[in-house]
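Student: Sequence:
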Amino acid sequence: MKRRVKWLFSQLDDWVQRGLLDAGQAARIRQLYPDSGLALPWSTVLFTGLGAVVAGLGVILLLAYNWQAIPRLGKLGLILAALAGLHATSLWLWPQTGWRRQVGEAVGLLGTMFFGAGIWLVAQAYHIEEHFPNGFLVWGLGALAMGWTMPSVAQGLLAAVALAIWGCTEAVQFDTAVHLAPLLILAGVAGLAYWLRSLLLLAAGLVAVSVTLLFNTGVVSWRLLCSVAMNTAVLFVGVSALAARWDRFPRGGLVWRGLGWVGFLLVLYLLSFPALAAYLLQWHPTWPEPETLIQPLLFRAYAWTPFALALAAWALVAWQCRPGTTPDQRPFAGRFEHWLLPLTALGAQVTAATGAA
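With the numbering used here as the guide, the letters of the sequence shown map in order to residues 120 to 476.
Heads up, a few of these hints could be off.
[To be verified] Have a look at the derived ranges for each label pair, beta carbon to beta carbon:
| id | residue 1 | residue 2 | range |
| --- | --- | --- | --- |
| 1 | R123 | P415 | 55 to 65 Å |
| 2 | Q414 | G217 | 50 to 60 Å |
| 3 | A174 | Y398 | 44 to 54 Å |
| 4 | Q292 | G204 | 28 to 38 Å |
| 5 | L384 | A146 | 42 to 52 Å |
| 6 | F128 | N185 | 51 to 61 Å |
| 7 | R147 | E249 | 50 to 60 Å |
| 8 | A174 | W239 | 12 to 22 Å |
| 9 | L192 | P214 | 32 to 42 Å |
Keep in mind that the hints were calculated from the coordinates and are not lab data. Cβ coordinates follow ideal geometry from the N, Cα and C atoms, glycine included.
From just these sequences and the hints, can you work out the full model?
Tutor: Structure, rendered in structure tokens:
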């Protein structure tokens, strides 16, 4: 239970006795925090999760040491039995209250980790030749499915990591841009974060989206990295103003804004070096030759889509700041520095597109 809520509950009876509140008002206040008594201290949650991970690693190491001596059918049986046992235990504990719910989430996370290990163990046991990044994709989709089913922040974090590794591995090892990877992470992980109202999961999802997008951009054309990074950062800050006005998860705007400003300042620091800026903001030497239809389209899509989305977000922000609205309805009221972001992005985009650097 959070300390502030615990303090509030301890004071309600005293306030009722003093006549400051009646019993009905006190009961309605308690109803505003229906799950407050179910939460455990972070130390308990942390050590429970670490205990589950350590126990799982111990079992995996024990199996790895004797793996060669186990017949193939026995290997498959062990993997399936472990997965079924862990997830069945997790689903049994999860609907309960108190410490059992926390243990259920830890056991479920352990089961999903074992699911990822089982993918490669089965492939090794049966000599399955497969495109290995697909293992991370299947693992991430499994974690994402568990995250939405339970629902669970921990499963969402694991899904963000696995799906980001999948997209980045395709780009680095096979020079393949998985264009749907950022969209999948955005819809699956960030969507789950908004449902659970988790700042940590939202931050992890947006970082995973940004990283996979930049790796994809590097495959299409590394000269677009600076423009895509800046436009994505400007888009994040614009979305933060819109997200702050959404009643379901207004604090999510803090994550969008923080990540956006960090990305924008990093790009701005690189552009503060004239020679480097002239090198990064120069598209024309790498405009692809029209040998195929898809490559020029991909180049233009990565060059202009983040910029168009950023302008659209800031157009909505400007509409909210139109004359006639009250100051509390205006995003970034009195904060002129925020409006420097879209202006800087516009200048950088024009410079890169025209070759004026």
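Student: Given the hint of 55 to 65 Å, check if R123 and P415 actually sit that far apart at their C-beta atoms.
Tutor: 57 Å, holds
Student: Is it true that the C-beta distance of R147 to E249 lies inside 50 to 60 Å, as the hint says?
Tutor: Between R147 and E249, where Cβ atoms are some 57 Å apart, the hint holds.
Student: Would you say the C-beta atoms of F128 and N185 sit inside 51 to 61 Å of each other?
Tutor: 52 Å, holds
Student: Using the C-beta atoms of L384 and A146, is the stated range 42 to 52 Å upheld?
Tutor: 49 Å, holds
Student: Do the Cβ positions of Q292 and G204 conform to the proposed distance bound of 28 to 38 Å?
Tutor: Because 34 Å falls inside the window, the suggested range holds.
Student: Indicate whether the distance between the beta carbons of A174 and Y398 respects the range 44 to 54 Å.
Tutor: 51 Å, holds
Student: Measuring from beta carbon to beta carbon, are Q414 and G217 in 50 to 60 Å?
Tutor: 57 Å, holds
Student: Is the distance from the Cβ of A174 to the Cβ of W239 consistent with 12 to 22 Å?
Tutor: 20 Å, holds
Student: Taking 32 to 42 Å as the stated bounds, is the beta-carbon spacing between L192 and P214 within them?
Tutor: 34 Å, holds
In this structure, every one of the numbered hints holds.
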